[in-house]
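Residue numbers (UniProt numbering), protein chains in the order written: chain A, 1 to 276; chain B, 1 to 281.
Read the hints as simulated data drawn from the structure, not as lab findings. Worth double-checking, as some hints may not be accurate.
Unchecked claim - Per the computed footprint, the stretches of chain A lying under chain B, defined by three or more beta-carbons under 8 angstroms from a beta-carbon of chain B, are:
| hint | stretch |
| --- | --- |
| 1 | 61 to 70 |
| 2 | 167 to 178 |
| 3 | 184 to 194 |
| 4 | 262 to 270 |
To be verified - From the derived model, a few chain B residues whose C-beta atoms are all more than 10 angstroms from chain A:
| hint | residue |
| --- | --- |
| 5 | Thr41 |
| 6 | Ala49 |
| 7 | Ser55 |
| 8 | Glu56 |
| 9 | Leu62 |
| 10 | Leu68 |
| 11 | Pro82 |
| 12 | Gly146 |
| 13 | Ala154 |
| 14 | Phe159 |
| 15 | Ser164 |
| 16 | Pro165 |
| 17 | Leu168 |
| 18 | Leu206 |
| 19 | Val220 |
| 20 | His250 |
Each residue gets a CB set at the ideal place from its N, CA and C atoms; glycine is no exception.
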Amino acid sequence: MTAPELVARSTGRAPGAVRGVLLVVEHAWVWYRRNWRATVVSSVLQPLLFLLAFGIGFGSLVQGGVGTAAATGGVGYLVWLAPALLAVSAVQTAAFESSYPVLSGFKWQRHYHGMTAGPVSPAQVALGHLAWVAIKTAGSGAVYIGVIALFGGVQSAGIVVSLIVAVLTGAAVAAPVTAFSATLESEGAAFSVLFRFVVIPMTLFSGTFFPVDRLPDWVQPVAWVSPLWHGTEVARAAALDRWQPLAALGHIAYLLVLVVLGAALAARMYTRRLQP
Amino acid sequence: MTAVDEPAATPAASSAALVRLLVPAGSYAGRSHALLIRSATASRRAWLAFVSGFSEPVFYLLAMGQGLGSMVGTLPGPDGAPISYAAFIAPGLLAASAMNGAVFDSTFNVFFKLKYGRIYDAMLATPLGPVDIALGEIGWALIRGGLYSLGFLAVMGGFGLLVSPWALLALPAALLVAFAFAAVGMAATSFMRSWQDFDLVTLVVLPMFLFSTTFYPLSVYPRWLQIVVECLPLYHAVELMRGLTTGVVHVGLLGHLAYFAVMIAFGVVVAARRLDALLLR
Chain A
1 MTAPELVARS TGRAPGAVRG VLLVVEHAWV WYRRNWRATV VSSVLQPLLF
51 LLAFGIGFGS LVQGGVGTAA ATGGVGYLVW LAPALLAVSA VQTAAFESSY
101 PVLSGFKWQR HYHGMTAGPV SPAQVALGHL AWVAIKTAGS GAVYIGVIAL
151 FGGVQSAGIV VSLIVAVLTG AAVAAPVTAF SATLESEGAA FSVLFRFVVI
201 PMTLFSGTFF PVDRLPDWVQ PVAWVSPLWH GTEVARAAAL DRWQPLAALG
251 HIAYLLVLVV LGAALAARMY TRRLQP
Chain B
1 MTAVDEPAAT PAASSAALVR LLVPAGSYAG RSHALLIRSA TASRRAWLAF
51 VSGFSEPVFY LLAMGQGLGS MVGTLPGPDG APISYAAFIA PGLLAASAMN
101 GAVFDSTFNV FFKLKYGRIY DAMLATPLGP VDIALGEIGW ALIRGGLYSL
151 GFLAVMGGFG LLVSPWALLA LPAALLVAFA FAAVGMAATS FMRSWQDFDL
201 VTLVVLPMFL FSTTFYPLSV YPRWLQIVVE CLPLYHAVEL MRGLTTGVVH
251 VGLLGHLAYF AVMIAFGVVV AARRLDALLL R
């Protein structure tokens, strides 16, 4: 061993803007690679059970009914439901991944402090978290499409576009929820309230299981603010090939605005908390 | 305390004697009401989370009753007479919320308090024993579940879904169901090692919620699957509630009651035996 090797040298440079984000994603990936089995129930089995219960069970009850044909526009209930279930499971995963795990990064495991002790900036940690959530929803969505196809719920290749829309919808929920979680000091009642008063009504009133026009008039505005409704409309249009270009652009624009605003807000909250 | 009386429904003295028979000396001080007071005080600070538990089944009833109902029309009730879809799922949601609340309280909440909040360690430093804690926690879960059920029944009444005076019995029935799930949940928690094990809880509770004739009748399944569903505890809870809220009461409902009596006996005995492992390790 020669002397120069013992001299401490800088091992690298501060990562660039994108590389810092990728490092945070890598952190999540390394954990996930070893622990994915623990999350299989929540990320894969849960949406699968909803698919079986509503797509197959409930679907067989209503198949051929006049009300069903009017609701789905003539296609089978499972085919009609499948793209919406992609969106709903992306939203559920995104909301959960951006609640307790984010607070844990600040408070319990405190790995955010560890990351920002190096040259990774708090904004990169926030964006890395969001990127990881998007990757995860895309992965479980792909598995999910395979299962739906086995049950005959896939009608066209448009379902791939539905998946992309579902990931965008998930991100539109993950970004603001991450910003919110980053402001919390303790989980208290905040997460129960978030899930029970925001996420659950959103999954029920966004046209996933039935068209929103079946609800009383006064409930329908709830759907218009819900990112899941916008995502479901586009995901369904893609899978069933029922495009209405102007409406689709409007829905996508709404989702993109939520992603950008939410991500900016999240980056700001992470910075405020990690670099006081 | 009421929670002490419920397992055997015998006079207080003999049930206290029974508890002493089941558990080691020093485990029970007869002061589980202290736990109830503690829980009530803690909930006053987090009243929004407390209230939110009531909202979930109401959202489901509003959304699914109206929305899915528009596709289903009517379904055959317990006696074969057609009932609206909302009247069909409402008792199912009542039973499911009794189950969900009891299971959540007796597994996730107890585990969090045990491992992270460490509030039981503090309690055990007082004259309270593990049995006081278990009875107090189950008692609080029942009070909470009872309030939620009462609220949901009021909402059902508001929608005109209660057509028979038998529906009044749905409240004690919901408490019985909640007690059975809480007792078994507590017993299960005593075997939990880490949060990963709680995926198993979800794995049991979610399929039951979705497949136990909550959202559609048993007739959609093939015969072999019907038999599997008929073995599930939530199926019996749903049948019991549906019989009571639609006023179709017959001797067969006693069979469902017996199912829960067995579940309670099993859960209480296992939980009592495991309490040392649960609280004193």
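Original post:
Can you give the numbers of the hints that this structure goes against, from lowest to highest?
Top reply: The structure conflicts with hints 2, 4, 6, 7, 8, 9, 10, 18, 19, although it agrees with all the remaining ones.
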